[in-house]
Amino acid sequence: MREAPSGPVPLRPRAALAIAVGWMLLAQLGCVLGWEAGWFDRPGALVHWLLLGVLPPAMALWQSERAL
177 MREAPSGPVP LRPRAALAIA VGWMLLAQLG CVLGWEAGWF DRPGALVHWL
227 LLGVLPPAMA LWQSERAL
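Here the sequence shown is numbered in my numbering, starting from 177 and rising by one per residue.
It is worth saying that the hints were derived from the structure and are not from the lab.
Do not take every clue at face value.
[Unchecked claim] Per label pair, the in silico range of CB-to-CB distance:
| no. | residue 1 | residue 2 | range |
| --- | --- | --- | --- |
| 1 | Pro232 | Arg190 | 31 to 41 Å |
| 2 | Leu226 | Ala194 | 34 to 44 Å |
| 3 | Leu193 | Leu226 | 15 to 25 Å |
| 4 | Leu193 | Leu227 | 14 to 24 Å |
| 5 | Val230 | Pro189 | 27 to 37 Å |
| 6 | Gly214 | Gln239 | 16 to 26 Å |
| 7 | Leu231 | Pro189 | 17 to 27 Å |
Remember, predicted model here, so these are calculated numbers, not experimental data.
Cβ atoms here follow ideal geometry from the backbone N, Cα and C, with glycine treated the same way.
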């Protein structure tokens with residue numbers, strides 16, 4: 177009998193992509209709302225969106241691609 181794998185179970189690529197796209201859209205919405213509310217200026221909103229909205233999902237998808 178095979179043993180259950182120890183450690184986290186990787187997501188399927190489609191699920192990982194769906195989560196990444198959802199995260200990017202939520203981060204973009206948050207940055208736009210922050211910009212409209214006056215919390216960010218335009219470059220600040222762009223930098224926050226790139227660092228918080230684009231970079232983490234891109235790195236996660238890159239790591240999942242390397243794991244295959």
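Starting from the hint list further up, note which numbers the structure goes against and sort them upward. Numbers 1, 2, 5 and 6, in rising order.
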